[in-house]
Amino acid sequence: MNIIVCVKQVLDPEIPPAKFKIDPETKQVIAPSGVPPVISVYDERAVEAACRLKDKHKGKITVISIGSEKASDVIKHAISMGADDGFVLNDAAFENLDSFGTAYVLGKAIQKIGGYDLILCGRQAADWGAGQVGSILAEILGIPVVTLACDIEAVDQNVRVKRIVNDGYEVVEAPMPSLVTVSSEIGLPRLPAGMRLMIARKKQIPVWKAQDIGAEASQLDKGNAHTEITSLTVPTRKTECEIVTGDTLSDAAVNLVSKLAKLI
Amino acid sequence: MDNHKGVLVCGEIAEGQLAPITIELLGVGRKLADELGEELSILLMGSKSGGLGQEAIAYGADNVYIAEESILDAYNSDAYTQAAANLCKKIVPSIMLFGHTDIGCDLSPRLNGRLGGGLAMECMELSIDPATKLLVSTRPVFGGNAHATMVSKSARPQMATMRAKTVPPAERNDARQGKVIPVEDKLDASAIKVRVVERIKEEVEGVKLEDAEVVVAGGRGMGTAQNFGMLRELAHVLGGAVGGTRVACDEGWAPATLQIGQSGKVVSPKLYIAVGLSGAMAHIAGCLGSKCIVAINKDKEANIFNVAHFGIVGDWKEVLPAMTAKFKELKAG
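Protein chains in written order, with the numbering used here: chain F, 1 to 264; chain C, 1001 to 1333.
Please note: incorrect hints may appear among the correct ones.
Said to hold, decoys possible - With a straight-line Cα cutoff of 30 Å, these simulated DSS-like cross-link-like pairs (lysine-lysine) come out:
| # | chain 1 | residue 1 | chain 2 | residue 2 |
| --- | --- | --- | --- | --- |
| 1 | F | K21 | C | K1291 |
| 2 | C | K1153 | C | K1005 |
| 3 | F | K60 | C | K1193 |
| 4 | F | K262 | C | K1326 |
| 5 | F | K27 | C | K1165 |
| 6 | C | K1005 | F | K222 |
| 7 | F | K21 | C | K1201 |
| 8 | F | K259 | C | K1300 |
| 9 | F | K162 | C | K1201 |
| 10 | C | K1298 | F | K19 |
| 11 | F | K56 | F | K112 |
| 12 | C | K1265 | C | K1179 |
| 13 | C | K1089 | F | K222 |
| 14 | F | K21 | C | K1153 |
| 15 | F | K259 | C | K1270 |
| 16 | C | K1300 | F | K19 |
| 17 | F | K112 | C | K1193 |
| 18 | F | K162 | C | K1153 |
| 19 | F | K222 | C | K1201 |
| 20 | C | K1165 | F | K259 |
| 21 | F | K27 | C | K1265 |
As the list claims (entries may be wrong) - Non-contacting residues of chain C with respect to chain F, defined by C-beta distances greater than 10 Å in every case (computed):
| # | residue |
| --- | --- |
| 22 | Q1017 |
| 23 | G1027 |
| 24 | V1207 |
By construction, these hints were calculated from the structure, which means they are not laboratory data. Quick caveat, the model's predicted, so the values are computed rather than measured. A virtual CB, placed ideally from N, CA and C, is assigned to each residue, including glycine.
Next comes chain C alone, as it looks inside the complex (with noise of 0.2 Å):
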């Protein structure tokens, strides 16, 4: 019969250390495995990924599987892919998570076409249905308008990419006990077809768009790049970052890796500052997390107001400046 057990969850390092949603994953992992009375297992790649094996069990994993090899150092599709059916298909796990990363994102689906399993993306919540045991996957569709639920009756593994900061990250806890285990199958180099030629990391200036506190995001209705600067003013003067709908950064007033939405960045603040936008779902879905919405359009029946905490309804070009210069004032104090 079924054979697959457990839940893996598919790790990332950021700068020599597990990423933060791979610290999220570990948290869901937990519960979910603990729900079905089975291990939570963690995959590392990479050569820096030796050194986090009691990282990883600190946080909950059972344990903690390291393929070592360098050409796992950065990205690659072919060799990633590899690297994880092979232990897919060592392990065969009943579940496995992804973080909706530009990693999780390529390799889940390709992993998923190799193994015939069942994948869900994007997920905001998985649970473990008590009666079939089946893992429940939660997502939203039509760029948000919806939430669907998803299951996989037979194929196996579930899987499912989560999006970041969804739940809070496992709690550490140092006395946990689990075990190290290193990958000793060399991956098939006659396989890996892509070559990654340069990686290119495009500084933006100030704060990260997903680390900042207070986010000024900006739509159609900003009309122009030099517009779009004023916005920029206001972010600078409560130390924030700026964001752009898809039509902002279609336009080129902000550059692509600065859109908030469904198919850009996920953010969620302490403070959203939406201006001269209208709200479609698909950007909504990129900050409805934040705790606190703020809306300037002139359109009083703009879908923004309908999420938003506080809104002005108005033309932004007289409502702006006087903001800027209100915090301006004081921040000076």
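Bound conformation, chain F alone (with noise of 0.2 Å):
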């Protein structure tokens, strides 16, 4: 079984929000000094998933990154999990790409690579979670989509996806090939250990660019993307926070119940 993992190295959504700049002219987020990026959260979830399909089926896990040159660690750390390759593509025409453009670089280099039966995704991403990536490029393939998937496995020629619904989950079927976005509930992702940091540590990740996938510039063009970023600010939160205390904390848990107890 031959699967494809997209991933995305992201800033870290675990930073304290105190942390969190942005500039307001270029509408992008200041990358704060001292705190790596990350694989998206998702993303690192589809990994889990595709080694699990892995360790069932055998086969084969190639993984891509549309970013910069620093991507090449979110690969080496799917390797580390159990991906076998992975490709970081590169170019300065790839930068800032709303997700038409994305899913239309991800394509071109999923034809290139070929041979595939699943193409997995992260349900979103952990920065600006557009949630529309993985879609998006199944329609570019023109081939069947799973979103927020929980659970999937390979039944024949189909992969059968548990996926979430808002009061509870659906089981459905579709042909391979496929692409399939993975969800959090898919599970905790395995701790990379031994021998595979070794493999990943040592693993060269070639760059593409964009003549390398035959991406047409027109087709990353800025003035052809489909949506814009107007603004980008930091709500202000007008919240003033009493806090409310006691000669103990149990007394300070009765003077706030009778505090609430209007509201209820």
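Put the two chains together into one complex; each comes in its own frame, and the hints tell you how they fit.
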């Protein structure tokens, strides 16, 4: 079974809000110093899902990421979890792409890799969280897509996916090749260990430019973007928190309850 | 030139009625359509949709498109995408609105991929730029740390999914006039590749999280599944529901369906009691609409105190039992 996983390197979402700074002019986030970027949380779950399928059915996992040359770190992370191969898609023309541009570039790289049964993406990125690259990519490739997976099985020529819905879950089947977007409910990703860390460290991660994958300049032209960000702001919060106290914490709790009692 | 006109709401039906989010979308859609001087339409799918035409008109629709094929009774990604794409090709809407629900989240990006539009998801606010007449969508990014506004200059339709409960529902007016138009084109069954094998409803005891007036939520600080159970006791006393942060749900202390936050449920109860959770922005994004937020945390620097109205700085193990006991006493009257 050949699986391609699309991953993104993002600003660590666990940073304290105080470290979060934006540049309203460029409408970009200023990366805080000393905090290394990480693999986007859902994408890491997608790698985990791929590893589980490989554990069961054998096969090959290829990981691709659009980003700076530093994106090789997230590819190596995926390899340390169990992926076999990876490519960084890095080109000045790939910077700040909208969802269509991103899906276009991923699609071109996937067509170059070829021979896939399954493509996995995170349900959304932990930074801009557009939540649509996987679905657009599937439409570009003309393959079925199942979103919000919390479990994936391969049954004959089909992928059987348990997906999250509002009041529970549903199980859907789609013929392969297909694309599945993975949600965090799939469970915790494995910790890289031992030999795999060694393999990942030594692995050369090739970098593909626009011309390597045959991406056309007109498709990457920002003037043709489907969406454009017109402003980026940090919301101000006006809440004043009243800290309730008492002689003991139990007293504080009782005082708090008397304040809340009139609300409900 | 641009022949895209009008606002199209993608309707959802819940228990045979228009879903609350759909009534909210009709309210927003009506406003946008009026500002543009264009019509508001809605697409309703499934064999139950036939009877809801007048209802949708009363809530503001000028045109109600009814696609009654039984394959549309329950959500199927391929079937819904096809039905919606067919209608879009016919009526070429300028704007298309969805709920940020599991249907909207699956359908809108696919439809966008197929139609080549511009989509903003999880919007909190939608307006028309008076100068350009473009749809301006405001949405949370970076886990709610920032808000971005987006436009689609030339891609059509301009699409958005809207978070539930960010706008009031449309006002009902039974005197309103409109047209109910059956969709006659049949779906191409050969293009339906995805098959729904089963749907499992996970029954949650007590009140539904999204409907609860009181929500008690716990995070990493709860430490164990057993401790998490103490939140249920308080919720039970208050007739409320329990929720968890991503960490709490990942740890298995609460089922994934009770996750509150950017990637889980968005709640807006009267009272939100946050226990042992630091208030990561991704979590806060799911509860900021609450009327009153109460924080109980050992760390007085925890971000949750920046959004809370009341707080106690201290170990929840001492605070929570006293709160539960006191509320019990009050309820017993």
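For each hint, the structure was consulted:
no., hint, in the structure
1, F:K21 <-> C:K1291, "holds, 28 Å"
2, C:K1153 <-> C:K1005, "holds, 15 Å"
3, F:K60 <-> C:K1193, "holds, 25 Å"
4, F:K262 <-> C:K1326, "holds, 14 Å"
5, F:K27 <-> C:K1165, "holds, 28 Å"
6, C:K1005 <-> F:K222, "holds, 25 Å"
7, F:K21 <-> C:K1201, "violated, 42 Å"
8, F:K259 <-> C:K1300, "holds, 20 Å"
9, F:K162 <-> C:K1201, "holds, 13 Å"
10, C:K1298 <-> F:K19, "holds, 21 Å"
11, F:K56 <-> F:K112, "holds, 26 Å"
12, C:K1265 <-> C:K1179, "violated, 35 Å"
13, C:K1089 <-> F:K222, "holds, 26 Å"
14, F:K21 <-> C:K1153, "holds, 28 Å"
15, F:K259 <-> C:K1270, "holds, 14 Å"
16, C:K1300 <-> F:K19, "holds, 18 Å"
17, F:K112 <-> C:K1193, "holds, 25 Å"
18, F:K162 <-> C:K1153, "violated, 37 Å"
19, F:K222 <-> C:K1201, "violated, 44 Å"
20, C:K1165 <-> F:K259, "holds, 26 Å"
21, F:K27 <-> C:K1265, "holds, 28 Å"
22, Q1017, "holds, 16 Å"
23, G1027, "holds, 21 Å"
24, V1207, "holds, 13 Å"
Against the hints set out earlier in the document, violations occur for numbers 7, 12, 18, 19.
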